[in-house]
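Asker: Sequence:
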Amino acid sequence: MLFGVASAPAIWQRTIDQILQGLTGVQCILDDMVITGKNDREHLVNLEKVMKRLEMYNLSVNKEKCKFFKDEIEFCGHKIDKHGLHKTEDKIKAILDTPEPQNVTQVRSILGLMNYYHKFLPNISSVVRPLHRLLEKDAKWDWNEECKVSFKRAKDLVTSEQVLCHYDPELPIRLACDASPFGLGVVLSHKMQDGTERPIAFASRSLNKAERNYSQIDKEALGIIFGVKKFHTYLVWS
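In full-length UniProt numbering, the protein residues as written are 1 to 238.
Don't take every hint at face value.
[What the hints assert, rightly or not] Cβ-Cβ distance ranges computed for the label pairs, FRET-style:
1. Ser7 with Thr36: 28 to 36 Å
2. Glu220 with Glu55: 50 to 58 Å
3. Thr15 with Ala221: 40 to 48 Å
4. Thr36 with Glu100: 36 to 44 Å
Because the hints were derived from the structure by calculation, they are not lab data. Every residue gets a Cβ at the ideal spot worked out from N, C-alpha and C, and that includes glycine.
Between the sequences and the hints, there should be enough to build the whole structure, so can you do that?
Answerer: The structure is reproduced here in C-alpha cells:
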C-alpha cells in the first residue's frame, strides 16, 4: 500500500482487526498495539498468541519500539495503570495553554479538545453550554462574563485528578442520573469492597429546545433513558 493514501489508515485498521480476531487481551489502534494480562503468566500467553498470529500473516514488529512488562502505559491519549484510566499531562497542558477564543472557529476547536476527555468530566455539557450558544445559527459573537466563567470551569474540570476505575464484571455497578434545566448528566460507577464508589465513566448532553420545556420529572426520566442507552453494554452484563 502506498504511503500517504487517504484510505490507508482505515484499510489497515480493518485488516489488523481481522488478523487479531478471536484473540483476547489485545487491542490495536492503527500501529499502536497493547497486549495485556492479569498477571505475568497470562500476559506471556497472550503475547505468544499475538506473535504467532502476526507471523502467520508474515507481519513483524520493531523490537526497538516495543516495551515489555510495563506497570503503566500511555495509549490513545490516556495513561493506563492498575488504578484505572488517567488523563495525560500533555493533553492537559494543551487545554490549559489554550487562550480565550476570539471567534467561532476557535470555540469549536476548544470544545473539541474538551470533548476528548468528556468521560472524565461530570456534567461537562451543562458547564460549556454558554460556549455552545455561540455556535447556534445567527448567534452574535459575544464573549461575555458567563462565557469566561464557563471556560474557566471547564479548564478546572480537565485539570482535576479524576481517575476512572477499570470495569470489573465481578463488582456491583451503579448508574446515577441527573437533569438540570439545560442538560443531562450520568455517572457509571463501581461499589468497591470497602464500600466506596469509584467512577467508571461520566456522560452528559445538552437538552434541545423541545426537551427544555419538559417538566422536571420528565427531564429526570429522560436522564435515566440517556444513561441506560449510553452504558447499556455495562449494565446488561452486570
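Asker: Does each hint hold? Answer for all of them.
Answerer: To see whether the hints hold, each was checked on the structure:
1. Ser7 with Thr36: 28 to 36 Å: holds (30 Å)
2. Glu220 with Glu55: 50 to 58 Å: holds (55 Å)
3. Thr15 with Ala221: 40 to 48 Å: Given range 40 to 48 Å: holds, Cβ gap about 44 Å.
4. Thr36 with Glu100: 36 to 44 Å: holds (41 Å)
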